[in-house]
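Enquirer: With chain B fixed as given, assemble chains A, E and Y onto it according to the hints.
Protein chains in written order, with the numbering used here: chain B, 1 to 160; chain A, 1 to 160; chain E, 1 to 160; chain Y, 1 to 160.
Derived by calculation from the structure, the hints in this document are not laboratory data.
Glycine residues also receive a C-beta, built at the ideal position from the N, C-alpha and C atoms.
Straight-line Cα separation of at most 25 Å, DSS-like style, residue types lysine-lysine; simulated pairs: (1) A/LYS147 <-> B/LYS2; (2) Y/LYS147 <-> E/LYS2; (3) E/LYS147 <-> E/LYS87; (4) E/LYS147 <-> Y/LYS2; (5) A/LYS51 <-> A/LYS150; (6) A/LYS66 <-> A/LYS87; (7) A/LYS2 <-> B/LYS147; (8) E/LYS98 <-> E/LYS87; (9) B/LYS2 <-> A/LYS150.
Computed list of chain E residues with no C-beta within reach of chain B, every gap over 10 Å: (10) GLY26; (11) LEU34; (12) ILE41; (13) ASP42; (14) GLN44; (15) ARG50; (16) THR57; (17) ASP70; (18) SER71; (19) SER72; (20) LEU90; (21) LEU129; (22) ALA131; (23) GLY132; (24) GLN141.
There are 4 protein chains.
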Amino acid sequence: MKIEIITTGGTIDKIYFDAKSSYEIGEPQIAEVLQDANLTIDYQLTPLLRKDSLDLTTADRLLIRKTVEDSSCDKIVITHGTDTMIKTALSLYDIQGKTIVMTGAMQPARFRFTDAIFNVASAIIAVQLLAGGVWITMNGQVFDPQKTRKNRDLNRFEFV
Amino acid sequence: MKIEIITTGGTIDKIYFDAKSSYEIGEPQIAEVLQDANLTIDYQLTPLLRKDSLDLTTADRLLIRKTVEDSSCDKIVITHGTDTMIKTALSLYDIQGKTIVMTGAMQPARFRFTDAIFNVASAIIAVQLLAGGVWITMNGQVFDPQKTRKNRDLNRFEFV
Amino acid sequence: MKIEIITTGGTIDKIYFDAKSSYEIGEPQIAEVLQDANLTIDYQLTPLLRKDSLDLTTADRLLIRKTVEDSSCDKIVITHGTDTMIKTALSLYDIQGKTIVMTGAMQPARFRFTDAIFNVASAIIAVQLLAGGVWITMNGQVFDPQKTRKNRDLNRFEFV
Amino acid sequence: MKIEIITTGGTIDKIYFDAKSSYEIGEPQIAEVLQDANLTIDYQLTPLLRKDSLDLTTADRLLIRKTVEDSSCDKIVITHGTDTMIKTALSLYDIQGKTIVMTGAMQPARFRFTDAIFNVASAIIAVQLLAGGVWITMNGQVFDPQKTRKNRDLNRFEFV
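With the rest of the complex left out, here is chain B (with noise of 0.2 Å):
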């Protein structure tokens, strides 16, 4: 069993550079981040795109859902922003015969403090627990996204 793990930007890979004075998606965060983790589970790492996911087009979600389509895993992990997660997994919806986790981050990868280890870890876990479908992990929990929403003012998933 190989889980394939999809990233397409957001916050979980924003890293500074300072000649610009800005923050700007960089490279995938999640090898570190696997890396660190000592993983004996056999997984590939796709980069797919590296975009905040408010700039995500219709063109955008139709690669990824491609991308999903078209791998020999039946495990799929996809790392996104979290302003539009809900919108991309509900295009993933009927998707058959692949269990598919979406997870991100508040902060950084790169930061001292960051939730994108346990997330990322949370979705690893769950994409090989979970049956088929789409789900969301965030906050130390699964979310169903048709019952989910990202509430901005609290800065965490919940269910509707």
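Expert: Showing chains A, E and Y alone in chain B's frame:
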């Protein structure tokens, strides 16, 4: 649904006392790990023991068992040293009606590079998704303790 | 001998607000840096401004100058954004009887990998060893602001 | 002006080998510290010993002395365990024509919270600013080893 998290010591909680130039098991580090993760789940933390798992006695294991049995929660996470984690897991194997997930770390939670956060997250998610019984989450995987060993040379858990 | 540490903002204090998907300058991070360092020197912390250094006005620089002049300490460290650090240093250049050392960071202090700790330590030591005047510590060196420029392409300070 | 950095072991370089459940002195950690700091100074790194400073012998101290004397640099930083740092400093006290600054750490450089970065930065700056002789930088201060002791109860260096 509330999760009870019982800490028993092990490498995950090792800190460094320079005054004695030695490593000792300190306060449970898991509180800080959980705080960074911005959790929305309901949990309670029970610091029970502060021991290297090679030093755990039969009395210690009976105490762990009694604490699990007496808990008002049916979802239990136990942090534990890795050397005898499987032994303790087997001592809890016949407890009915609860899901128990044990985890620990190969590198202390205080390190910049540690598997502690990943492993704790794995346990928190697994305890919510798994059926009753005793499980171990290490190296990104869920193990049945009856079919698991710690490979000391490769410093990881693996299926027998 | 007491050291006064005045904070004015800049990258060193940048934190990330996911709710707004933007980086902002937060509480001075230096307090945490100093705490980890286990200092025995006597110092006081004065949070003065919380600005990107490109946004500092003439009034801001006059406020910084007045704060330095009015300080009861003759050893002053100022944390500051790097883009106009030299300009502010020159605006303090004729102050007599005090040693003033300015520093900042190219990567926020909150990052796992940051130059903030190194630079703050450099300033704390330099302010104790240097004669009166205004100095900058960046990149492991002590600079005279009259002979220094920020090389934005290489993202570092260098002698003119 | 080139700085030679000689590493001899000590807590600063302690890493954790779970396979043996013990802490050992590993590769010099200073290389990583210096890399994060984005230094522009010219330096060379000389890994000389890898010992707890309580285990340093007379022969070890003679080797350190010879390495300092033979160095083509007149600015020398030495990382060293704290327990006998003063003793080694005094053994180098009569070397002429060089500035030697010794430092170390109470918490390993691998920790998320460590004084290692601060102390190394202190030494790098001090070695550039101080006159010839042997000095110690710890706890944000510069010490003359002839007037210094390690307070083991408070876990810090202080003037006698």
